[in-house]
Structures are given as structure tokens and as C-alpha cells.
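Novice: Use these hints to put chains B, C and D with the ligands onto chain A, whose structure you have.
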Amino acid sequence: MEIPYTSQPRPDTGIYNAKVGIWLFLASEVMLFGALFSSYILLRVGAQVENWPHGLLNIPIGTFNTAVLIISSVTVVMAWASLKMKKFGHFKIYQAITVVCALAFLCIKSFEYHDKFVHYEVWKTDGTRMTGHIEGNPMFLTKAKVAAKGEDKIKFIADPHHYAESKMAGRDHSGEHKHYEIPLAEIKRLSAFVPAHSTYFAIYFTLTALHALHVLGGAIVIGFLFGPGSKMWFTDPERFTNRVEVSGLFWHFVDLVWIFLFPVLYLL
Amino acid sequence: MSDHSDVAKHVRGYLIIGGTLIIGTVLTVLASYIDLGHHWNIILALVIATAKASLVALFFMHLISEKQMIYTVLAFTAFFFIGLMFITIAAYNDFPALTTTR
Amino acid sequence: MQATTHTTPHTGAHDVHHHEPGFWQKYIFSTDHKVIGIQYGITALSFLLFGFFLMLCMRWSIAEGTKMAATAGYMAQPIPIVGGLLEALLGDVAKGGVMSPDLYNSFGAMHGTIMVFLAIVPLAFGAFGNYVVPLQIGAPDMAFPRVNMASYQFYFLGGIVMFVSFFIPGGAAQAGWTSYSPLATTIPTHGQAFWLVGMVLLITSSLLGAVNFIATIIQLRAPGMTWFRLPFFVWAQFVTGFLLLLAFPPLEAAGVMQLMDNLFGTSFFLPTGLAVGGKLADVSGGGSPLLWQHLFWFLGHPEVYVLILPAMGIVAEIISNNTRKPLWGYKSLVFSALAIGFISFIVWAHHMYLTGMGTKISAFFQTTTMIISIPSVIILTCLFISLWGGSIRFNTPMLFALAFLPMFGIGGLTGLPLGFAAADLHLHDTYYVIAHFHYVVAPGTIFALLAGIYYWFPKMTGRMMSEFWGRVHFWGSFIFMNVVFQPMFAQGMAGMIRRMADGGANYSMAKNPGAIGGLSQAMLDWHTVILWGAVGLGLCQIPFIINLFYSIKNGKKVNSDNPWEATTLEWQTPTPPPHGNFAHAPTVHRDPYDYSLPGAAKDFTPQNQA
Amino acid sequence: MMEFFEKLLGMPVLASENGRPVDDLIIYIHWLMIALFVGWAGYFVYTLWRFHAKRNPKADHVGVRSHASNYIEVIVAGVEVFLLAFVAIPLWAKSSDVTTVPNSKDALTIQVVAQQFDWHFRYAGKDGEFGKQDMNMVTDANLFGVRPDDPKGADDVQVSTQIHVPVNRPIILHISSKDVIHSFKVIALRVTQDAIPGMRIPTWFKATKEGTYQINCAQLCGNGHYAMSRGMLVVESQEAFDKWLASKQGAATSFE
Ligand code: HEA
Ligand code: HEA
Ligand code: CUA
Ligand SMILES: [Cu+2]
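Quick note, the sequences are listed as chains A, B, C and D, same order. Add 196 to the 1-based position in the first sequence for our numbering, that's all there is to it. Add 1 to the 1-based position in the second sequence for our numbering, that's all there is to it. Add 105 to the 1-based position in the third sequence for our numbering, that's all there is to it. Add 962 to the 1-based position in the fourth sequence for our numbering, that's all there is to it.
For reference, chain A alone in the conformation it holds in the complex:
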């Protein structure tokens, strides 16, 4: 006996196996991201305003990235439609665009990440706080690491504004980039905008990294169906089309998640 309904839909359910499979998988994904969204809400509600540093992300870049994903979503569905219409050539073109978009998205994201890794906040012992950069743009510095390097101060280029200015007292807001030499003794805590900085960046990096992993995974699958996998079109077009549809469903979900991530993390 062979396994039935691998490409033909089962009469009573009207679906082929892989489609049931992917939807079940997506259901579990909903619960995965759902849990993280719930955590985001609770952390945010629980946080003191002055410790919730949002507004530091680059909105234009974020917007652009959103557009990139949306376009890729369109091309994916077009690719599938082309196969339905027996236009293998179109399929190839559309999927090519999709993969390019996916990679573009990842590149842009990694630049965003890097920006954050070299951007710092210092909590001074006198209660004041500043954000800015350290000379030579080192990544991931902390007070402990500086001390370990045997230095006793940091050269700090402060931003003109602190993200929580309006809400907190005792920080520095003169319009221009001031240069400081801050002795370690005066530093209570030093952290780049990495996950450890605050619960906001913790959840931001967790969500976006997890999402990026999904993008990567999707790109690999779609890449495979674009390249070597596409041979199947000539042997079993029905099944190949199904595969493309299934991979597409996953891709749309990844896009869908981002549609929520973008406003939640960048704008609100």
C-alpha cells in the first residue's frame, strides 16, 4: 500500500495531506508568537516608563523592511498562481524576487542590530542617565568589561536627547552632542542597547531574532523549490504546485507576524 492523498485532495476533507500538515504547524506557530506577544504586553505594562526605551528604532528602515516583506509575499502568491496557469517561467522569476527580498530583509535587519550594539546608555551614580556612543564604537561593552581592560574611564559622546527625557528628572538635554570623559567610579551601570539593557530590548531582540530565523528558514525552502526542487515540475507538476503553495502559506505567515511586530516594536 502507498500513502494516499499526497497530491490529490481526500474526497471527504477536500484537502491533501501536506496542507493539513502546514496549517497544523502554523497553528502551533500562532501559539508560539502568541505567548511572546502576551509576554511583551505584560512586560510593557509592568515597566516604569523611564525604563521602556522605545522610539530608538529607525522607523524609515523598519517601514522599508515591511514593504520588502509585503512585496515578497505578493511574489510568492504570484509564483504559485503562475504554476496553476502552467507558466513555469513566470514562477522562476517570481520566486527569484522572493528569495532576493528575503535576503535583503535579513541584511537590513543585521545593520539595524549592529546600530544598537554600538549605542550605549550609562546610569551614573548620581542618578543621571545618558545615551550615546563610546569612542571607537566598540560593541557590547559593560562596566565590568571596561574594568577588565584595565581602563578607569570611558570617552562618551552623548546624544542630545535621552529617550525618557519628558518623563524623568536629572538628565542632560543641551541640544548638541557633548563629549564626556566619565570615570568608572561615577558609573553605576553601562550597557549597549542589547537584550540585557532592558526588558524592552530583551523582547525586541527575542521576537525579531525568532522572526528572522523563520525568514531564513522560509528563504531556504523557497530557494530549494526555486532551484533543485523545481525539477519535480516536470515529473509531478501537481505535487510540485502543492509544495509551492505550502511553502507559500508558511511565508505569508512570516509576513503576517511581521505586520504585527513592526507597529508594536517600532511605533508604539
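In short, the hints are calculated from the structure, not lab data. Mixed in with the good hints, there may be bad ones.
What the hints assert, rightly or not - Each computed DMTMM-like pair below joins lysine to aspartate or glutamate, with the alpha-carbon atoms no more than 20 Å apart:
#1 B:Lys68 x A:Asp208
#2 A:Lys345 x C:Asp387
#3 D:Lys1088 x D:Asp1068
Specialist: Relative to chain A, chains B, C and D with the ligands alone:
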């Protein structure tokens, strides 16, 4: 799911929806710059996001015309997701009197 | 189909010889659901044994710990036999072969983790589900054989990671199987990180498995196998699949977040103002310890029904077969199983009554908890009533299946007081809880699984296991299980707290004569009884293990493909079933349990018989 | 009757007013459990004997025709609903909500902070008011995050390991933790509350017998969990209590 002819019909729809999504994105961004009072900004942004999401789900993922089985699965998922989110949040709003957090 | 009613041994061999796959192909990287099922089975049973071994060491040190109360000062006793070995393998935590509190905590945490995630679930879902479900629904294999193989490999990998964590510096996770933050983050060793990585792998495995099971049951049912002709076991697995599919991801999320807390210094579960000897000076704070608990128990409670539903399925099959009559109230059984699955997603916080829960929320969770007890009551009632009017055969599988009923009954009933927040106030985190859930999972689920092994063994191997040694195994296990767990109710009611490396000796009257409410010596002395009970329990497994392996080659041959004269489809295949399962696709004509049909020739009528 | 069941279930001594209804609830529910168990167990044993293949070689395809079982299930559900609506939920409201503590005007409020592996306590002192606190100020030296700038805090009393409370007077505890989750449990008083870092959760009890009571830590809190048993709670007469509190006035406590 469907034969070639009406797939062809759908194609234009896909492109239109793609455009709508881009516009929606721009709208969200613009909306975030005008200050409607914190809560309304959040609500508006989430409304737009939800609208965009449903477009993707309904048309790109063909949920508009899916099979019973899949609706059932998704209905349960939605229910449990809502349960997880709202019951948990409710629990945080119902600590015994005089409990202090933070 | 008549062809299959007389014996057709070794069809398996005949069937595959035209494309004879090599050893690796056939046994290690096989995509055949039957082979994968057996792989799951062996691995899980080994972990079951290992989990029990951990517990034996713990019970020993508890029994010794109690000695300390009488004589002032801590007289550490080396663990006999294995003490030296432990020291050699684990180093300081087992100095002098003595179990240190750290070691006790890791063993406790790992016992729980291993038993739940590496032993019982893989055995109940992975092994029996894989082997039996496709056969019972008349399918050639799982819907996605390669995914199925991947699922096993993830499970195996997860097991390795968990096992290795014992041997890293500082040893395995020590924060309990519930891994509450901040404790899980403040313990300075890397055991917890291993635990979390292991869990993520195991969760991935379960997800792949769940997708596969559900898709298979939806898509691959044989012609005529309508939903209400499915054997109850399949229904149980179906619901279990959904529990795993939708309840596990939140824990995966939580696991990732705790991993971040442990490795990247985030504060998801660490509140502001934490002061662990300056250790956490450099964290931002602002997190919430309760968040972890919510996410954990959102999985945790459905998980416990993952542990019980397949067991109920197995018991139902065996009872119906050995009473020679249909299950009573098949439909109520099915709907109860569905109800349990559904409600189990909204009762989780009954594990958290004492974390500061307001009236409204606790009222909600107490209510849902009581509601969910009703379907369980219905299921047990149906099974009890199914016995009435039967012609009961007392073979080994049936003995274990019957024993399941009262054992689960006791465990379930004692869940009720825990379900009331105010009563839980006294019982929470005492041995009463330990006794409650062990009655459901140990004499409950384990018995059901053993029953399943004795029952399906002939189908897997074409030979029977020894009936005599089966009975020895049963009576021994039955008696000692109760010797081990019954006293724990008394201890718990008396206020003995769980997870105590010395079994509560520090809280004994002997230790603090002045204090009111200390543990009486009598309560502590039960530890000695429990210890020897557990040892006895272990010894009773020896005949089983020997019986199991000996019978594979030397058991008495089955004289037909259907030795139990059962009605369900798995017995209508050649023995053992070849790759692809059915000689030709079966068609289903009737309900799953048509035993003793009035006017029928034999007292059983297979589902595929017109 | 009640006493008999307390013996039967082997419940520990009870020395508080708030504990009475808790025990009652436990006993009621055990009545239901025992009834079900005995009933079904009896049935079970009988059927196994009656329908043994020896005695009943031919099974009956239908089996039980009556619907008695439905009544049983309804009864179980009924009892559970009753216990929920009229006992459990109201009782929890009472025990979890300290604002409804009976005659709470003369209640005594104490703050509790757990740490690995000991207990710390804070009394309001003469003025009966606590100095302001701030979680951001919590350090090893200042477990309660007391704001030095608040004069009200001057007369507050801080002690470790052992507390004294007056008998027959409602005591409100605000329970928190410095490091990991512990659980404050005094068995004979039927009071239990998890001590969770970042939260201060109130609970209450009213001891009716003088004496020294064992404070248990009921939540796994690390390798010293089993030995976190030094904590003692002394219930004594109001006079004795006042004397003790006075003696602790201003006595500095170190937390390590
Ligand atoms: C398979 C596992 C399993 C099952 C089925 C259950 C079933 C139930 N559990 Fe249990 N539970 C656990 C596993 C399980 N539990 C575990 C592992 C823990 C501890 C986790 C930890 O803290 O480490 C736990 C802890 C736990 C708690 C938290 C206790 C605490 O930490 O303070 C609570 C509280 O409500 C609870 C309630 C219940 C209830 C109401 C049921 C109900 O579903 C029970 C319904 C069943 C019945 C009501 C029986 C009906 C039977 C009859 C009517 C027939 C009787 C006849 C005879 C006996 C002959 N359980
Ligand atoms: C499915 C879950 C499960 C199972 C089956 C068991 C089984 C057992 N458990 Fe476990 N236990 C837990 C889950 C489980 N436990 C959990 C979750 C905890 C809480 C952990 C925590 O506090 O964090 C716990 C805690 C726990 C404690 C409390 C420790 C403490 O609080 O300090 C104790 C104490 O006695 C205990 C004892 C036992 C015993 C004696 C068994 C026995 O029933 C074991 C019986 C098994 C055997 C006798 C082995 C049989 C072997 C075979 C049949 C193998 C054949 C092999 C081959 C063929 C290769 N367990
Ligand atoms: Cu403190 Cu356990
Ligand atoms: Cu539960």
C-alpha cells in the same frame, strides 16, 4: 483548489491587495506621528495591523475559501490564544487587595 | 481477509526482500512507523528505568536523612552499591558517595523531567501512537514518514542533551522540573541551560509528532472508517496530539526567554530590586517571575492529560477485548476525551493559587478545575460499567488494565481537594500533591502502558510474553506501588513539604522539640517503608525486563494473527505487519467493538468484516 | 464527627481561627471522595467476581441498560458545585483579601522578607506606620528598600529569624522575597503564602493558642531549601509581646 481560469481572475486581486498592504503600512507610520492620545494611537495602529493581517490571511492564504477542517483547527487555536493572553493579563489585574508589585 | 486469520509469520521478511534495505536503513534511519514506534519504545523504557534509578538514590538519602533527627548533627550515609560510582562520575556533588542537597535537587528535577518528557510521553504517544494508530485506522503509514523519523531524532537528541547535563561541572538542572525563575537563573551552574536546550529539542520533536498524528488521523482513515468508528485509543491519541500541538509552543517561548535570562543577562523573569549577594547587580530588572509560571503551567496542565489520555485509550481497548463486549457509552467516552482536551487549556493556574491570586481569577480557575474533573469521572464510570455483563478474561494485560481504574481513581479523587484554593492552602507543595499525581502517572499511566506492552507484543513479534511471569510482575508492582505512594498522603496531610533533601527531618519534632507543628517521628519513619517499597518495586521489574527480551526470540508462537480475538484493524494484518501494513487496503463496515454480537458466528466480528 | 475525620485524615494540630473553615472544607471534600471510592470499589470487586469468565462464559452485547450512572455523575457535579459556590470561593475571598479581615482595626501588620535561607521581619513600631519603601532601593543591606528620608521609618523594628505576635489578634503579613521564590507556611495556623521577589503579597491569620510555631519554607529555593527551618513564630500574650517589641526598639539588625 481552483482551476486555471479563476486563478487568472485572482491575479489582479493579489496585486491590488499587495498595493493596499503597502498603503496600510505607510498609514500606520503616519498615524504614529500624529498624537491622538497614547491609547488611541495604540488602538489605531493595532486596528490597521489587524486589517492588513486579515487581508494576507484571507486572500494570500486563501482562507476566504478554505475547507471546514482547517477553519475548525484555526478556531480552536484562536480560542486558546485568546485564553492564554487575556486570562494571564486578567490574573495580573486581580492580585489580592493591598498587593504591591515593583 | 480470511487469509489473515490463520498465521502468516515472517511476511515482513518476504515483503521487503525485493528492495532489501540495509541495517541502518531498516532499523536506525527507518521511516516505517512501526520501526520508529519501537525505537521510541526502547529509548523511553530505558529512560523510565533511569528516572527510577535517580529516584531510588533520592529515596535512600531521604530515609537516611531522617536518621539525623534522632542523633543531633548530620550523619551523611553513602549511597550503597552506586555511591562510589556516582562520586567517580559526578565528583564533588557526590563526595564520599553521599548525596549532597545539590545532587538531590538535580536528581529531583531530572527525575520529573525525564519521567514526563523522556519516558511516559514518548512511550504513550511516540511508541504506542506510532505503532498502533496507523494500523488501527487502516493506513499504510504516517502521513509524513520523514517528519516522523525527524521527530524521533529530535527526541533522541533532546535525551542526549539532558543526559549529558549530569556530567557537566555543577551537574544537571536543580530548580525542579518546573524551573521557576528566579531560582533557575540564579543557580550559577550551566545545568539549567542544558535543560532548556534539551526542552526546546523535545518540544520540537513533540510538535513534529503531533502534526503528523493529527494529519494522519484526519487524512489516512481507511474507506468506511468514519469518525465514530475510530477505536477509542485513536480518539485519545487525536486529542493528545492537539494538546501537544497547541500547549507546547508557549513553553518553547518561555524556554527561549529563560535561556536569554541565563546566557544573555536579560530580565524577562527577574523583577526590579533583586539582590542575590550582588550576583545580579548588572541586570536591568523589570521582569516578572509569575510570567514564567503562567507560561509553564499553560503547558504543564495540558501535559498531564497528555500523560493520561493515551493510557485511558489503551485501557479501553484492553477492557473491551477481555470483557468480550463493546465499551459502554462509547460516545460519552469520546466527548469526554474531547471535553478534557478543550478545558485543560483553561485550568492551568490551579498550580498557582498561592502566588497571590485574587478572588475573581481563583474563582474562575477553581470552577474550571471542577468542571474538568467531570469528564474524567464520566470516563471512569463508563469503563467501570463496561465490565458489567462481560465475560471477563484475567490475562496479564487485563490485570494491569483493571488495576489502572482504582489507581487512577485514587489519584484523580485526591486532585479534587487540591482544586479548591482554600484546601490547597494546606496541601500545596506537600507530599499530598506528590502522592496525588503519582497515583495518576505511576500506578495509573505506567500500569496502562505495561498493559499495552503485554497486549500488543504478539502483534509486534509474533510471540506471546510469559503469562506466569507477567502475573508475578503485576502483583509485585501492584502491591509495592501502593506501599510507596499510599503513605505519602498521610505525610502530606501532616504537612511534610516536598523537595526536601532530608525528607523533612529539619522540621521534625525531634529537631525542634519546642516548636508546635513539627513532623512526628512516625511520619518520618514512613520514609524507610517507602524506600524498601521502592526497592521492591524495582525488583519486580526484573522478571518483566527478562520476559520482554526473552520472549522476542523464545516466547510461545502465536497461532493466529489475532491471538486475542480482537475486532480492531491492527489484528487483521499479517504478523508482524510488513512495510505498508496491509496486504490490500481494508474497508471498514462496522463499529470498533462488535464483540458478542447476538447471532454472530464467533464472539467477535472484525471491523473490516462485512 | 469533625474530630473523628480530622483523626482519620491525620490532620495536624490546628491553632488558629482562620484555619477552622479550611479544615472543614478539606473534610467535606474527603467525604465525597470516600463515598465515591467506597461505592465504586465495592461495585468493582463485585463485578470482577460476578462476571469472571468462569461464572459468565457468554458476554452480553449491551450490558447495563439503566442510566443510574448519569445520576451518580449528576450528584458528583452537584456536590462540587455546592462546595465551590458556598464554601470554597467565599472562603478564598476571606483568606486572600486582608481588607476584610474580621475587626481589622486592631490588626497588627508585619512585613516579611524571605532570603536564602532565612526570614526577616519588620514592625511599624510605636507610631504604627511604616516608613516609605522603594523596590529600587533594595540592597543586601536594606532588604526592605526603606527610604532613609522618611521620618516615619525611624521607629520601625526589624528582626530576623524569629517573630513574636500577640494571641487572639488578627495579624496581617505582607510577604516578599529578596532573591528567589520562597513560601511562608505555618502549618498549625493554616497560613501559606508564596514569597515572590518584586511583589509584596498580604495574607493574615489569627492564632488562638500561645506557643512557638515552626515556620516552613514550602517552595524549592535552592540547595538550602530543606534546611530553611530556623524561622520560628512565637504567639504570646499582648503584654509579653509589647515587652518584646520594646526590647527590640532600635536594635540594629544585620541581614547577612
Ligand atoms: C496524569 C496526570 C494528572 C492527572 C490526570 C491529574 C488530574 C487532576 N489534577 Fe493533578 N497534577 C498532576 C498530574 C495530574 N493531575 C501533576 C504532575 C501535578 C503536580 C505538578 C507539580 O507541582 O510538580 C498535579 C497537581 C495538581 C494540582 C496543584 C496542586 C498543588 O501544587 O498545590 C491540582 C490543583 O487543582 C491538581 C488537580 C487535579 C484535578 C482536579 C484533576 C482531575 O482531572 C481528576 C479527575 C478525576 C477524578 C475526579 C476521579 C474520578 C474517579 C471516580 C469517580 C471513580 C473512583 C472509583 C474508585 C477509586 C474505585 N493537580
Ligand atoms: C510521569 C511522571 C512520573 C513518574 C512515572 C514517576 C514515577 C515515580 N516517582 Fe516521581 N515525580 C514526577 C513524575 C513522575 N514520577 C515529577 C514531575 C516529580 C516532581 C519533581 C519536582 O519536584 O520537580 C516527581 C517527584 C517524585 C518524588 C518527590 C521528590 C521530592 O519532592 O523531593 C518522589 C518521592 O518519592 C517520586 C517517586 C517516584 C517513584 C517511586 C516512581 C515510581 O513509580 C517509578 C516506577 C518505575 C519503575 C519501577 C521503572 C519500571 C521500569 C521499566 C518497566 C523499564 C523496563 C526497561 C527496559 C525494558 C529497558 N517522584
Ligand atoms: Cu526557602 Cu525553600
Ligand atoms: Cu493541573
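Novice: Hint by hint, say whether it matches the structure.
Specialist: Comparing the hints with the structure gives:
Simply put, lysine 68 (chain B) and aspartate 208 (chain A) have alpha-carbon atoms about 10 Å apart, close enough for the 20 Å limit, and the pair holds. Distance check on the hinted pair: lysine 345 (chain A) and aspartate 387 (chain C) sit about 18 Å apart at the alpha-carbon level, within 20 Å; holds. With a CA separation close to 14 Å, the supplied pair lysine 1088 (chain D) and aspartate 1068 (chain D) stays within the 20 Å bound.
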